[in-house]
Amino acid sequence: MMKTPGKSAPNEQTVSTYCYQCVAGPDLLKVRVQDGVATEVTPNFDAGVIHPAGGKACVKAFGLVQKAYNPHRILYPMKRTNPDKGRDQDPGFVRISWDEALSLVADKLNAVRAKGLTDESGYPRVAASFGGGGTPTAYMGTLPAFLAAWGPIDMSFGSGQGVKCYHSEHLYGELWHRGFTVSPDTPLCEYLVSFGANVEASGGVCGVKRHADARKRGMKRVQIEPHLSVTGACSAEWIPIKPKTDSAFLFAMIHVFLHEHPRARLDVPFLKHRTSSPYLIGPNGLFLRDPATRKPLMHDIATGRAVPFDAAGVEPALEGSFVADGIEIDADETIIPHERITVRPAFEHLVAHVKNYSPEWAASICDVPAATIRRIANEFLEHARVGETIVVEGTTLPLRPVSISLGKTVNNGWGGYECCWARTLIGCLFGALEVPGSTLGTTVRLNRPADNRWSSVKPGPDGFMQYPMNPTSKEDWISRPTVRSVHRTLVPLVADSAWSQALGPTHLAWMMQNENFENLPEASPPDVWFVYRTNPAISFWDTQAVGKAMAKFPFVVCFAYTRDETNHVADVLLPDCTDLEGLQLLRIGGTKYVEQFWDYQGFALRAPAVPPQGEAKDFTWIATELAHRTGLLEPYNAAINRGAAGIKLSGKNYDFSLAPEKAHDVETIWDASCRAASAELTDGAESQGLDWFRDHGFRVKPFARLQWYLYPKLVAEGLRFEQPYQEQLFRIGRELGRRLHERGIRWWDKQLTEYEPLPHWHDLNALWESALEKHYSVRIADYPFWLITARSMQYSWGGNVGIQLIKEVADNVAGHGNVVMNQQVAERLGIADGDIVEVRSPLNETKGRVMLCEGIRPDTLLMIGQFDHWATPFAKDFHAPSMNALVPMLIDLTDATGSSADLVKVKITRLEKAA
Amino acid sequence: MTRWVMVADLERCVGCQTCTAACRHANATSPAVQWRKVLDIEAGSYPNVNRVFVPVGCQHCADPPCMHVCPTTATRQRADGIVTIDYELCIGCAYCEVACPYQARFLVHEPHFAYEAATQNEVERLDAARIGVAQKCTFCSDRVDFGIQNGLMPGEDPRATPACVNSCIADALHFGDVDDPNSNVSRLLREQRSFRMHAELGTDPSFHYLYGKADDPDRDAALPASQAAGAAGRLRTRGVEPSQQQHWDWKAAGNFICGGMGSGLFVFTALAGLAHGELVHLGWIALGLMALGLFLVLLKIGRPLRSIYVLRQPQRSWMAREAWIAAIFFPLAALALVSRLPILLIVAAAIAGLFLCSQAMILKEAKGIPAWRVSWIIPLMIVTGLAEGSGLFLAAAVQFPAADLLVTSSALTALLLAALRAWVWRSYRNTLESDGAPTETLKVLRGISLRFFVVGLAIPSVLIAFGMASTVLANILVAAGLCIAAAGAYLKFILITRSGFNQGFALVHTPVRGAGFSGPSVKPGWSMR
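Residue numbers (my numbering), protein chains in the order written: chain P, 1247 to 2161; chain Y, 304 to 832.
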């Protein structure tokens, strides 16, 4: 056997594992272990062929060695001795045994079970908050099985989602094209308009590799954002747009396509047969339907009659006025009959809708010249290649190498609907949705089954895909919220999957701890709150309010790596194995998040590279102990057997189910999982277990590239994309309004206005400014800057702020730890590079050192990442500014999906001159 | 032949620093010791702004200034072009660090760790041999050698390829043999446009930067003049523009000050001693000064116990030559002072002059410091040394009233040298101003110019004029001499510790990104591009 290069210790080995610190993972990697000590992270070139980025791991993975040996780790279970909680209180943590720690937790849980799993208001007495994007599940072993065994758990206390995610895209993307996350088909795309989507920072190794390859191919990416991010830097063009005006730019692009070019430049067949463009719209804004079948009608050019959308051999009209009979179905199944009324297709409504949204109109809103907007639209159109095809795995598909991506502040909160709608619609205009080269969804999280996107496509009403909206009918509307964010009650789009609690107005759960919302059940604090891989005390919006709310929680259990701002209020700290110490099998491949498009699917093992430090325990051991001590072993094991830990243990030709009554050890559980994985991948032919995976690291089988694209599945099912006309949302919004008003809830009225069939442009700058003025009684002119944030590849999601190596290398990337400001404006204000400034919003202030640059709009300030640490060792000495404490939680700034944007108006004052 | 080179594709690089972290892991370097890192450079004025990510590190120059200056032969070059450091030979003098125009070398005097105490992984990989010596990127030569021994192609097989290249998630870094026309790197360099950083310095670096496809139109020609000017304007350049070198401090300056003064004083003492034997005692002061200067160097270097290795490479290194000259000079000068033999005094004076020249040449060969490497530094250092020596000699000669003629000629000589020094200083500065230099260097030099003129020439001129006019006022000649000497010391102190800004980083072109054009050159912090 060939030894590895370099100075090798006498006792050296290499261990395969993965890094899933961020949602763009997993990255497969190897760890070099010398004398039992992890010393080096390297790519896993064994996965070079099967991994889209050649087995490479991103910079965050290189922090894992220091993570294991960080002297600030919590290495023993601890309990709080100071009953008073709060930032100003010393928790007085003292070391205890695991037995005592688990008994403390189990006693609380058993007391909850005795009282009832939900409180008087119907809210779960046990709550849990986990880090973003589901990444903690790659580290929490079998804890999901324990949670499943437990029963109702409130997971709606937000820790960043809603402002830090792609919230509107998650909901509307999943509705329109099974795109919980949305991506260009980068390997084939030739023209990409990116509205602040910071893929070079957030796209992970697959995103970075695919975009670098695309640049070498000549793909033109136009980055439209207020500051020049790393993604803007790597783009062909940067267009500095005024914050939160992206929808105007997009609407103007639609205007150019529909009012400045002949229809033949569009993909007319796609519009006619794969969208609702030809559906006739009744006078009340609802589809005109066939009274007998209730199917939406189209005008057939050949026969000159209105026919149901699925009638055979129809050549539907996209434009024109037609006389037809039919019905509209309004909220609550109210039928409105019509005879010989004049109606027009949805497409013609669309054309009229965008008539006034010209580039000249958008120019002053976006602070971008009309000629630039028009040029971008025209370049997009020139690259769309309407009519061309490509063969993918033997199937001929349209080739449309144009796409639009949206960043998170574009996506979140008010305006998110408009932007997601416009982006998806533009795709439809050119047939550039879910076909090679175009805009694709990457994963489903709300529809079921979620194993791949195709299997989630089921025929729904009106020729569209079925979508699991939360009910809004009188009978089924969930008037009594199931969790404190009230998500299913307020937001039909969040559906009811395991992921739904992460969506919707998660800030409401926090707000309700401090204030009552009219006609909602009072929200008591949870009796027990579990926290893992998240730090909402610094990572949410209005972190001061969040911190105060959590200090009132009576019993908080934190799985703790180091001390931090959230576990400052913990009653028990439980040290779990870090990334290189724990054992877990993870499903990999297929299509998943961001730019994770694989040609393979299978499983990877996170094998322990080194023994746990101190008394840190494997998460699976902790979960099993909790199940055992709460008398839930049987349902816990049953949940594992069902697949709650990532893989179902039985299938056709194989059964590795665990005996339900026993407490199994960690290796037994994962050995069974590995065997089931081997069997699943080989249709039961093979059953190699943990040892095989330890030796090989991962196991995969091919995944058809055709499944990257939803279009062939829609064609096979005879379905259409639900674009451009949002009749379903319009009707549901009206129903939801009735339900809320029936219950006397009026504080969600503004959100109800967002349920428009064709979204209008809204002046979001004015909306933000007026909300801040109203709530804080300030003169908004005193706050002249927009404060925005940007993602950091080095830090985001990683929980790695206490790791020296990450800080060291992040400091090489401009802007980290600074208030980034336009140089010319700073000169006018007498602020110099390196000065210490206070940045104040109407809510709060933060301090930091100024970094001047030219790559930012004069009206914008930028703070990268999230750094508000005052307890986390190492990080608390950064003195870095953070916008999280500055952004208020306001219902006025919450959109219909329950999200808001990381955006606030601020003023800047110099405190100290640069040294 | 084989020549290993690194090719960095600026169109691909996203500045993620994965290579930086991977290098830190693979080579177990200390915190902040980044043999490989990626610069984040911004050029232009809002809204026409370009931001570029540029991997840097040791360029493994074919003509490496670091190797030429190394007094110990610790820095060598392999047949395949890789520039190496032998940690067992290096004395930590940091001469290579000021000679390198790429800021690629590091000198760590004490072990330091990620947190307060060494963590387990740091204990496991602590390499005491690296403390107090120069260190830098090795092109992971251990991996390259391992690959060759095992029939693996460096640059293609990861086991034979530098860790930074292996880790690069954008496939921006490539490694290979540029002498093989069929290699990966040769193909890339054929198919794409490339440049090398600071190639005008003649270092022939082995680090190539790709900035566009071979058939891309030339941006410089295509760019509207207004935009080109804008792109050369405002810059966010922290960490990119020239920065003050940190390796040679007041102790290093002390060697140039004491060495220059001492050797200058010795020259005049020895020459005067031919006629006035009693003056020869001053020679001991000169020797003392020179010895003090060398002692200060001893205090500064990382491995003083190995200082004898400084003699290993007089073939190339002026620092080694300085040491050899000193080794010959001190016994010879002592013998001359004791014996007062004219021939010995003359030879010793000549060697003292050589010592002065060697100090001038040390600075001249520091290719990484624009203020030092210009040719005018040679006459400046020599004349300054002589002027200082003459000033000190004048101050001493006044104590010998019997030698009126000596005092007068000493005063005139000192004045003449001070004037010559002022003229050389002016020429030196004019050269820097006209040829281009770090703006901060120019600022520093401009800042001291008036002071230097007043103290170094104007005041001494007046004092000498008065002093020579009246024997009563003769003692003010002492002040004149000390002024001339002090001005020289001040000048050298500033030259070493304040104006020693390094080369900084520069791009010949900013890259294409998918579509469009490559951009104009970027050279932040320089008076001329």
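Just so you know, not all the hints are guaranteed correct.
Cβ-to-Cβ under 8 Å is the rule here; a few derived chain Y residues that face chain P [as the list claims (entries may be wrong)]: (1) D343; (2) R428; (3) L429; (4) A431; (5) A432; (6) H584.
Calculated from the model, a selection of chain Y residues having no Cβ within reach of chain P, i.e. all distances over 12 Å [unchecked claim]: (7) D312; (8) C322; (9) A335; (10) A382; (11) E413; (12) E427; (13) A466; (14) L513; (15) L647; (16) A725; (17) G750; (18) F769.
Ranges of calculated distance between the beta carbons of each label pair, as one might list FRET restraints [what the hints assert, rightly or not]: (19) Y:D389 with P:D1845: 26 to 34 Å; (20) P:D1459 with Y:G750: 49 to 57 Å; (21) Y:D482 with P:K2159: 22 to 30 Å; (22) P:S1903 with Y:A431: 35 to 43 Å; (23) P:T1635 with Y:D518: 24 to 32 Å; (24) P:K2159 with Y:A431: 36 to 44 Å; (25) Y:A431 with P:P1398: 43 to 51 Å; (26) Y:D518 with P:D1459: 41 to 49 Å; (27) P:G1930 with Y:D482: 53 to 61 Å; (28) P:K2159 with Y:F703: 49 to 57 Å.
These are computed hints drawn from the structure, not numbers from a lab. Here a beta-carbon is modelled for each residue, glycine too, at the ideal position from N, C-alpha and C.
How the hints compare with the structure:
1. D343: holds (4 Å)
2. R428: Given a least distance of 6 Å, the restraint on Y:R428 holds.
3. L429: Check failed: Cβ of Y:L429 comes no nearer than 11 Å to chain P, outside 8 Å.
4. A431: violated (13 Å)
5. A432: violated (11 Å)
6. H584: violated (49 Å)
7. D312: Given that some Cβ of chain P is not farther than 12 Å from that of Y:D312, nearest at about 8 Å, it is violated.
8. C322: violated (9 Å)
9. A335: violated (6 Å)
10. A382: Its Cβ never comes within 12 Å of chain P, the nearest being 20 Å, so this holds.
11. E413: holds (17 Å)
12. E427: It is violated; Y:E427 is separated from chain P by about 4 Å at its closest Cβ, not greater than 12 Å.
13. A466: violated (7 Å)
14. L513: The claim is violated: Y:L513 sits with its nearest Cβ about 10 Å from chain P, within 12 Å.
15. L647: Given that every Cβ of chain P is farther than 12 Å from that of Y:L647, nearest at about 54 Å, it holds.
16. A725: Given that every Cβ of chain P is farther than 12 Å from that of Y:A725, nearest at about 35 Å, it holds.
17. G750: holds (19 Å)
18. F769: holds (45 Å)
19. Y:D389 with P:D1845: 26 to 34 Å: Taking Cβ atoms as reference, Y:D389 and P:D1845 lie about 48 Å apart, which means the hint is violated.
20. P:D1459 with Y:G750: 49 to 57 Å: Holds, since P:D1459 and Y:G750 (Cβ atoms, about 51 Å apart) stay within the stated range.
21. Y:D482 with P:K2159: 22 to 30 Å: At 54 Å between Cβs, range violated.
22. P:S1903 with Y:A431: 35 to 43 Å: violated (55 Å)
23. P:T1635 with Y:D518: 24 to 32 Å: About 28 Å separates the Cβ atoms of P:T1635 and Y:D518, which means 24 to 32 Å holds.
24. P:K2159 with Y:A431: 36 to 44 Å: holds (42 Å)
25. Y:A431 with P:P1398: 43 to 51 Å: violated (59 Å)
26. Y:D518 with P:D1459: 41 to 49 Å: violated (19 Å)
27. P:G1930 with Y:D482: 53 to 61 Å: holds (55 Å)
28. P:K2159 with Y:F703: 49 to 57 Å: 55 Å Cβ-Cβ, so the 49 to 57 Å window holds.
In summary, the numbered hints that this structure violates are 3, 4, 5, 6, 7, 8, 9, 12, 13, 14, 19, 21, 22, 25 and 26.
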